[in-house]
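Q: Below, each chain spelled out in residue letters.
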Amino acid sequence: MENTSLSAASPENAELQVSGLTAGYTSVDVMRDASLAVKPGEVVLLTGHNGAGKSCLVETVFGLISPTSGTVTWCGEDITGLSPRALLQRGLVLVPQGGGVVKNLTVWENLQLIAPGLTPDRSDSANSETNQAAYRVLDQVPILAERRHQIAGSLSGGQMRLLAIARALIAQPKLLIIDEPFLGLSGTSGDLILDLFDEMLKLGDRFSVIVVEQQLFRLTGRIDRYYVMNQGQIVRNGDAEELWSLETEELWSLS
Amino acid sequence: MSYQLFLQVLANGFFTGILFGGIAVALAICNLADRSLHVAIGSVIALVSFFWLAIIRSELPVVFGFILLAGISLIANLACLAVYRWLSRRGVNAEGIVVASFGLLIAGNSALELIYGTELESMRAPWLQGKIKIGGIRFFYGDLIMSGVVLSMLAALWATLRFGGFSLQLRSVFHDAREAAIAGVNIPRIQVLAYAFCSVLVIIIALSIGSRSSVHPHMGFFPLLIGIAALVTGGLGSVRSAFLSGVAMGIIWDFVGIYFGTVWQFASVFGILAVVLLTAPEGIFALRVRWPRKATKPNV
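Going down the list, the sequences are from chains A and B. Under this note's numbering, think of the first position of the first sequence as 1, with each following residue one higher. Under this note's numbering, think of the first position of the second sequence as 256, with each following residue one higher.
Keep in mind that a hint or two might mislead.
As the list claims (entries may be wrong) - Computed list of chain A residues with no C-beta within reach of chain B, every gap over 10 Å:
| no. | residue |
| --- | --- |
| 1 | 24 |
| 2 | 69 |
| 3 | 80 |
| 4 | 96 |
| 5 | 104 |
| 6 | 109 |
| 7 | 110 |
| 8 | 112 |
| 9 | 130 |
| 10 | 167 |
| 11 | 186 |
Unchecked claim - Not the full set, but computed from the structure, chain B residues with beta-carbon under 10 Å of chain A:
| no. | residue |
| --- | --- |
| 12 | 257 |
| 13 | 259 |
| 14 | 261 |
| 15 | 264 |
| 16 | 266 |
| 17 | 410 |
| 18 | 414 |
| 19 | 420 |
| 20 | 441 |
| 21 | 443 |
Hint data in this document are derived by calculation from the structure and do not stem from the laboratory. Idealized CB from N, CA, C, for every residue including glycine.
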């Protein structure tokens, strides 16, 4: 069953609209003619086999790769090819695959990089808005505050991923793009990420999320819609109910 | 060897060291911003010196002269940065960019040689060549001015790095430019600021080298080699290490020149570099890896 209808790829009132995007890491196009849409407050899953072009798609949306064709619009504005900094200013935040932290900086410096006004004193009135937003997130992951002097590269894989996601949340995103949040993590570490994932969806104003993931079972009940990529193209998309109604074998075959 | 001579050599070595340290700092700040080894700076030093001669000959007021020099130095350094960025966008790695920078150095020096020839010219800045004597030790105005400017610039840089967000952004770009970009760091701005700082240092370095010896197309090459040695000996990634290493190199340079002869000067500097590379490849004052300290709980 394949569903690539334009109506599902481009829902009405979409906040993010990706149309016919083609891009690649070198001269070879890894992703061809990809279209995707995200409505306000939606959690959208992007899945597919290794090398399907998922990371290429989100990195192109976030301006890390220049597309050879296609457009990306955010709230009606054409943001194709804008720098990550410009996108961050518009509320788009990326947690890249296996990264999201500068490993040679301390935990606190990593947080300050995205929130320059962040101070160790949560009651600091001069930066109250930044501090309030940051401490709302840090309250969910107290280990980061406890280890704020530690070099990020010396944290465990799970803690580093928590730091990356916390840093992204501190930026108060309107659209959060998370690439493979559970990659290489054990069950316990994965659960920590899931707890944060659940908590972040409750934080303040609801923001949109694109989560790139192959471990679909981790996201049961947490997504609104899904897209499947294969060989650089979006080959399937639909509502979450439709995804979870699939037979287990078919579900596994998607990613 | 008299005590007086020892002090004189020490003083001279200190000023030479500040000159080498200045070059090492200029290289270090560019290296922090884009991981390049901006050796083309050697050619910019000569270019600035020749422009200084042209300004003197045209009898322009000194203030305009300095503004013009600042513009020339900035344009030349930013042109080099544009080349590095272009190469980087085309997938050329850091080693390739170093080779390209050497290419720019050779091309720049050759162009200057074609235009001005190979004759040595005097700096024509008498105010740089005067001297005063304190406690029997001679101090050249040029050395004092150069040291004052370099140290003031380093103090300004230290204050910027210590109290602004610039340090964090610069270090993040140095360690992981991709992650820094994802965190919203304005990498082009960081690089332009770093090269602009380097441009100002280049002016004072050029005038200092020119007043100490003479102006010729290859005048920046040998000081550049010592600057590179100081940068590597100190350890990449730290401006302070580069400067301290440069000062140490300058003092060693002058002492070796007086006590053992000038033929041993390069051998001593590069001998130290070889020993450091064999024993501590990350450099004497290498960037400290801060292992987890005792966790302190903030006010949460």
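Q: It remains to establish, for every hint, whether it holds in the given structure.
A: Hint check results:
no.: 1; hint: 24; result: holds (13 Å)
no.: 2; hint: 69; result: holds (19 Å)
no.: 3; hint: 80; result: holds (17 Å)
no.: 4; hint: 96; result: violated (6 Å)
no.: 5; hint: 104; result: violated (4 Å)
no.: 6; hint: 109; result: violated (6 Å)
no.: 7; hint: 110; result: violated (8 Å)
no.: 8; hint: 112; result: violated (6 Å)
no.: 9; hint: 130; result: holds (13 Å)
no.: 10; hint: 167; result: violated (7 Å)
no.: 11; hint: 186; result: holds (21 Å)
no.: 12; hint: 257; result: violated (49 Å)
no.: 13; hint: 259; result: violated (48 Å)
no.: 14; hint: 261; result: violated (42 Å)
no.: 15; hint: 264; result: violated (40 Å)
no.: 16; hint: 266; result: violated (39 Å)
no.: 17; hint: 410; result: violated (23 Å)
no.: 18; hint: 414; result: violated (17 Å)
no.: 19; hint: 420; result: holds (5 Å)
no.: 20; hint: 441; result: holds (5 Å)
no.: 21; hint: 443; result: holds (9 Å)
Of the numbered hints listed earlier, those contradicted by the structure are 4, 5, 6, 7, 8, 10, 12, 13, 14, 15, 16, 17 and 18.
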